[in-house]
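Sequence lines, in order, name chains A and B. For reference, each letter of the first sequence is one residue, going 11 to 271 in the working numbering. For reference, each letter of the second sequence is one residue, going 14 to 529 in the working numbering.
Worth double-checking, as some hints may not be accurate.
To be verified - Once the Cα atoms are required to be at most 30 angstroms apart in a straight line, the calculated DSS-like pairs of lysine-lysine come out as:
1) A:Lys246 with B:Lys76
2) A:Lys246 with B:Lys522
3) B:Lys146 with A:Lys191
4) B:Lys491 with A:Lys246
As the list claims (entries may be wrong) - Just a few of them, taken from the derived set where beta-carbon distance is under 10 angstroms, the chain A residues facing chain B:
5) Lys36
6) Ser236
7) Val247
Don't read these hints as lab results, they were simulated from the structure. In this text, a Cβ means the ideal position worked out from N, Cα and C, and glycines have one as well.
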Amino acid sequence: MPQNEYMERWQKLHGKRLDFDERLRKRRAREGHKQSQDAQKLTGLRAKLFQEKRRKEKIQMKKAIRAHEERNVKSSGPTEPSSTPLPQYLLDRSDQNNAKALSSAIKNKRNEKAAKFSVPLPKVRGISEEEMFKVVKTGKKIQKKGWKRLITKPTFVGPDFTRRPVKYERFIRPMGLRYKKANITHKELGVTVQLPILSVKKNPQSPLSTQLGVLSKGAIIEVNVSELGLTTAGGKVVWGRWAQITNNPENDGCVNALLLV
Amino acid sequence: MATQYPPPSKRQKTAAAALASKQQEIDQIPTDLGNVRIQFIDRATNAPTGPPVSVPVAQSTVKNLELLLNSLQGHDEAHDRIPFRFFHERGEGDGDALADGTDVYHALLKEGKAGTEETITLHYAPQAVFRVKAVSRCSAAISGHGEPILCVQFSPTSSSRMASGSGDNTARIWDCDTGTPLQTLKGHTSWVLAVSWSPDASMIATGSMDNTVRLWDPVTGKALGSPLKGHSKWITSLSWEPYHIQEKGRPRVASSSKDATVRIWDAVNRRADISLSGHKGSVTCVKWGGVGFIYTASYDKTVKVWNASNGTLAHTLASHAHRVNHLALSTDFVLRTAYHDHTGMVPDTDEGKLSKAKERFRKTAMINKKVVERLVTASDDFTIYLWEPSNSTKPVARLIGHQKQVNHVTFSPDGLYIASTGFDNHVKLWNARDGNFIYTLRGHVGPVYQCCFSADSRLLVTASKDTTLKAWDVRTGKLSVDLPGHADEVYAVDWSPDGERVSSAGKDKQVRIWRY
């Protein structure tokens, strides 16, 4: 790692080497060969780092190619700026956010009655009590009776929650595994926003885990959508809406959920 | 079975009896306060009317003050009298309006806002002699358009005809009495972005995404001639030549376009008349003023004023720091309605119509015995400017307060208020004389797209992205009626010139007619 811009300084003072451009050209020309050499020969941690770097480069490359392809498409005639008709005063505004589109899609979907009770994840893997709870064995009395449990899964606790006295606290919900926000996705529109969780409505594992607010895959949570500015047909602001958790929060460190319609 | 409540206890019973026996105090004006001196000042000109008048406090109701002021101005006959609204202003800023049923004692003296020792200064503004009731119910929700509706406008003659333009490439004329479609105006090949009735209601002009303007007969629904071609981008707004300055039998219409030009068309010969080019960005709004100017607002941050007779540039008003979205004239309402007034009486002859239109325009635009047309412009730089182009190219006032882009501005028909709506979910009311801030109308939870005053300037209706319409009381700045019903964003709203109906339309493809 250079600690200073000494190369630039040297160049400023003395000028470039006479064969600078030639060397640069040659290095560029060798680059592909060097790349393939590395891919084949490197082993161990270096190989891992190299592959990771290469993967990221390839993603960028593909993106650039796609952008070029889109630019090359010739359109016939003057096209409308958007697919849905817009009034004159909204035509040249790019800051149209998708929250509104989201709400209208929800409305359209709700008209199809059959979709009302279906959820994206109908079945989930059962989690045994042994996996969910760890028996706490500290202290003499607790050790003897073994009645205290530590919840090993992420949980949601309300904002005004305070822990009970040690003597009465049967279930411990660790601070590090608590979540306040979830990444809520609308599948059809591909819109994802981070919203505060209001409550856990239903956890399919057991009524107890619903009560404890366990955030596991398949749990139905209520999220605060007020900042999206959705309104009902009656003109009221929509506050809470339900979503189903689609990932394993204990593995990923975040809660991803799908908005229910 | 319902739960039985226990009988009231003795203490409750005695309390109720005591309350019932106590006589309610009647709000009377004390008779021993003597007189108070009142100075009337015209709100439009800021000039005093007559000397300070001594009025007995006991008789100082708003009704009596109105009578007094009418007699000061020489309106002695009962049919000449005009209702007034009084404002008590102290120093800078805008005063509070006195409600209709109140009096000087309760509104000012009792509140401690003024004393009997000093001269009370009351600013007055004439009000419309008729009254529009706030719309409160949806009388019809008419489907017909196949795509979102982008613009609506009522006919200037009556509230029974209304035209709407939609994304399904058609415009439609509706019969609002029965809530049925009358005509479908087919011909455009893309969205209809603007629709405008001529002031005498003999023609409708529509501007479209397909770069053309078309003219239609509102009775038969037939196209008048072929499309008017010339623009190279879509049409953003349309404005008819005011009735009283039209060359006889040769009405003209101006269209502004995204291609940075404004074109003026001869509506009878269907030919291009003049092309106004000079803007460097999309022209968002065009308004044809009543004193022979055409005003245009553009994305190039300027507002330009053109001579309508020969198409030369008269002034460039440059103060905005961002796109200018919309502009409004203090005479918009009277230019739109020409010789149609609230009585519904239309002169028989052309001369009669012309003189009535002229008279109405003169009456509205007259400030300090001069015909003055004022202009207000809304911009993306979150500000609004008030201009008087006939006087100077510097703005009269800069109206700040919006926290996001301002989308729409409008003058009240009597020219006393300005309402502005923006993407910050608020509607703001301003004094049109000096641009002072009056009220913020809070209530919408989404961007407010458009607003429209009632013909008597006492009410304001706003349309928003949050799917509702709201009607506001201009005097108090409070919500008058909330009008939910649309299933999606409301793009356009219009209050009929006779005040009977409000029509609104938007993304849910339905036209809704609201009545009281």
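Item to check | Hint consistency between Lys491 of chain B and Lys246 of chain A [alpha-carbon to alpha-carbon, up to 30 angstroms] | outcome: 18 angstroms, holds
Checklist entry - Would the stated hint for Val247 of chain A survive a check requiring a Cβ distance to chain B of less than 10 angstroms? => result Holds - the Cβ of Val247 of chain A comes within 10 angstroms of chain B, reaching about 5 angstroms at its closest.
Checklist entry - Holds or violated: are the alpha carbons of Lys146 of chain B and Lys191 of chain A at most 30 angstroms from each other? => result 48 angstroms, violated
Checklist entry - Would the pair Lys246 of chain A and Lys76 of chain B pass a check requiring their Cα atoms to be no farther apart than 30 angstroms? => result Distance ~40 angstroms between Lys246 of chain A and Lys76 of chain B Cα, so the pair is violated.
Item to check | Per-residue hint verdict: Lys36 of chain A, partner chain B, C-beta under 10 angstroms | outcome: Violated, because the Cβ-Cβ distance from Lys36 of chain A to chain B comes to roughly 50 angstroms (cut-off 10 angstroms).
Item to check | Restraint check for Lys246 of chain A with Lys522 of chain B, where alpha carbons must lie at most 30 angstroms apart | outcome: Holds - the C-alpha atoms of Lys522 of chain B and Lys246 of chain A are around 21 angstroms apart, at most 30 angstroms.
Next on the checklist: Under 10 angstroms is the threshold here; is the Cβ of Ser236 of chain A close enough to any Cβ of chain B for the hint to stand?
Outcome noted: At about 9 angstroms, which falls below the 10 angstroms cut-off, the nearest Cβ of chain B leaves the hint on Ser236 of chain A intact, so it holds.
In the structure shown, a violation is registered for the earlier hints numbered 1, 3 and 5, in ascending order.
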